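Q: The chain contents come next:
2 protein chains.
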Amino acid sequence: MDQVNIGVIGLGNVGLGTLTILAENAAEITQKLGFSLHVEAVCSPSVARKALPAGLASTFRTPDWREVVANPRIQIIAELVGGTTVAREIIESAIAAGKSVVTANKELMALEGCNLWDQAIKRGINLAMEASVAGGIPIHAVLREGISGDRVVALQGILNGTSNYILTEIERHGADFDAVLKDAQRLGYAEADPSADIDGWDARSKLAILAALAFGERITPGDIHTEGIRRISPIDFQYAHQLGHTIKLLCSARRSEQGLFLSVRPTLIPRSTILASVQGAYNAIWVRGAYGQDTFYYGRGAGPHPTGVAVVSDLMRVAREIRAGSPERVSPFAHSRLGDQRPLPVTLQKSGYYLRFRVNDRPGIIAALAGILAEKRISLDAVLQLPSESKQGLPFVITLEPAYEADVREALAQMAGLDFMVEPPLALPMERPV
Amino acid sequence: MDQVNIGVIGLGNVGLGTLTILAENAAEITQKLGFSLHVEAVCSPSVARKALPAGLASTFRTPDWREVVANPRIQIIAELVGGTTVAREIIESAIAAGKSVVTANKELMALEGCNLWDQAIKRGINLAMEASVAGGIPIHAVLREGISGDRVVALQGILNGTSNYILTEIERHGADFDAVLKDAQRLGYAEADPSADIDGWDARSKLAILAALAFGERITPGDIHTEGIRRISPIDFQYAHQLGHTIKLLCSARRSEQGLFLSVRPTLIPRSTILASVQGAYNAIWVRGAYGQDTFYYGRGAGPHPTGVAVVSDLMRVAREIRAGSPERVSPFAHSRLGDQRPLPVTLQKSGYYLRFRVNDRPGIIAALAGILAEKRISLDAVLQLPSESKQGLPFVITLEPAYEADVREALAQMAGLDFMVEPPLALPMERPV
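Residue numbers (the numbering used here), protein chains in the order written: chain C, 3 to 436; chain G, 3 to 436.
It should be emphasised that the hints constitute simulated quantities derived from the structure, not laboratory data.
A quick note: this is a predicted structure, and the numbers were derived from the prediction, not measured.
Please note that the accuracy of each hint is not assured.
One copy or two, either will do: identical chains are not told apart, so a pair holds if it fits within one copy or between any two.
Straight-line alpha carbon distances no greater than 25 Å define the calculated SDA-like cross-link-like pairs of lysine to any residue that follow [as the list claims (entries may be wrong)]:
| id | residue 1 | residue 2 |
| --- | --- | --- |
| 1 | K352 | T61 |
| 2 | K124 | A326 |
| 3 | K124 | S328 |
| 4 | K184 | D342 |
| 5 | K124 | D4 |
| 6 | K378 | R188 |
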């Protein structure tokens, strides 16, 4: 029969979403490909209890992934297990067995993707990972082939839907971080252990992958300066608005003459920018190319069906490569060979800053802070104080003209020791309108 | 030498932009591909007088495109001539000579693209056309592979930068259409003969191509109901704003249970939608998939460098296919076979409407118009009248609840005959917030 055979390992949300699309959208998939995608086997520890979509009810099921990888009829393995232990074993076994692999695994691909692609290319098979970043947005296809002729000079993304949802809720309703997080957990938007989302680790893996695609360097998550959103409070949005800005957990990557700067951190961005309009659980990526200038990509960052579309689109591409005999045609990292340039430390970065303080009010506070800044040759831009009834100390804000992060950090360390300071100052980079 | 050889025919803005990128960005292109793209020959009638980018100064030049197509070293022809006569001859000759083709030619691809792909696939060569629609936005890569697993149910685009620029200027400055057009011509944003842009023909070709990719049907421009922007005046933006809307030359394609609806026409869209924020010469495409839901793509619609990125990215993809021996791997129309479903006539479409009248004021006008609408069983939504000093007759607006275009047209024909009417009513579809 005119078909390519697939084994799907992992039947969580993404696995079931993938199977639903493969079953329901089969006619259109076949019309596009000129042949069909056939699900030969599915696998999960609880496979016996899983309700499969209509049309796949009689598909071979097994709780043992080795049985799927060993099946000689299967040409592509969809690894939808997640994590870095079993998933890695599955992918390496599949490659060793000469099967192409489609994965949604951001964590593993960020850590080991380059090594896995090296293995894959030696075996002449394909490795595809569109679903690993920004669910329904085909940003891999865009960077890998769509705008491959360009030279990316900067890329900014909102890549974690949970933290963007939490920030949007704090902004809209003025509720405290902890209350919004609890609500998000109750609604299923945040995990019981929310650290991966709110501390930026999830976004960091995604940025590592996108930066490798964009810049052709072997970036790993450990290379990326990362801060989470736990300290962002409603008062920060009030100040940000007064400055014409909003606050996003911004994934940022840019080339400078000195080298690459990469970071994941809450950042003040002007409300007039298109990224500022990205609300709730949506993801978005803004790319600046040396030639194509600005492009922008927006969509659902997660969810069984949007992520399933990414998996199925990859399965279709890989199946086409298999049929055409060209599985190693293009690297999932967009570059035939990745370099080993390390990103620069964030301390060398120059940026405007937003500093928010909570203090026990007394005369001389501004003078003391301004004195420290002057000593470091940092120019103060504005001092803002909104009416407040806070009992945790009087909040106010100082914004800085562009300064080196190293100098700002030294100033902050000195400030933290001042006797009127209720808590260490919060410092966020602040972008200018472009 | 480890390279793929290219011949570039046509050295207008896009041709020179393409050569600039190929020359300046050569190191990055080579790092991505693992081999280099070599410009073997360039061609244009005035080739002797053209200043080529540094690095290409000694490239072989000829005014005779046949010499480029006949060159046995050349593997890919970039057709950047435009139009449908010589360009067609070039592409057909290149295919006959067994050379792959990259083109930026929307007009030709909209009219003859399917036939040209049929010829290409018979010869086992590739045909690529990313640059034909929306310059710097890689919407072909997105629809062809990035989200190919999805089933597109609707697509809306702002695909003509000139008309979007003109509408944006009318909106911002309240200037008349004719004055803005003259300015746009002076600034080089509009052609001396502006018809292709402002009457919607350019956008229509682009929508025909995108609809074929999205729906897998052999759509040609003649299938698409098209209206231009000549009748849009500042007063229309004032009314639109009062309704919470703006006006865009909207390219719209959607599947319904009855069939496909395709149109290019000025349309009222809610200002809260992301498409409403697309200003000036930018292009954007919003796609709704049955599974991936909403995605959105934004960037420069034209310009030597953004369009050059599209051409170079296609050259890279086609070069990879040549090296991998898989030139016919994927159709430029995203579907292995296109169907022959014809779009439905626009008269069957149901939509809200914005009707703007200019009348010689006298009692009974609303009664007369409301009477005609009632006769057709069309529900009136609102009547708006802003203060006006217009001497061309008093303008006012009636909005309609969703109605069939056929009924609305009949009502408009009757209204046009009323003695108080200064000019035929202007009728624009009006979208609700989604």
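Q: List, from low to high, the hint numbers that the structure doesn't satisfy.
A: Those not satisfied are hints 1, 4, 6.
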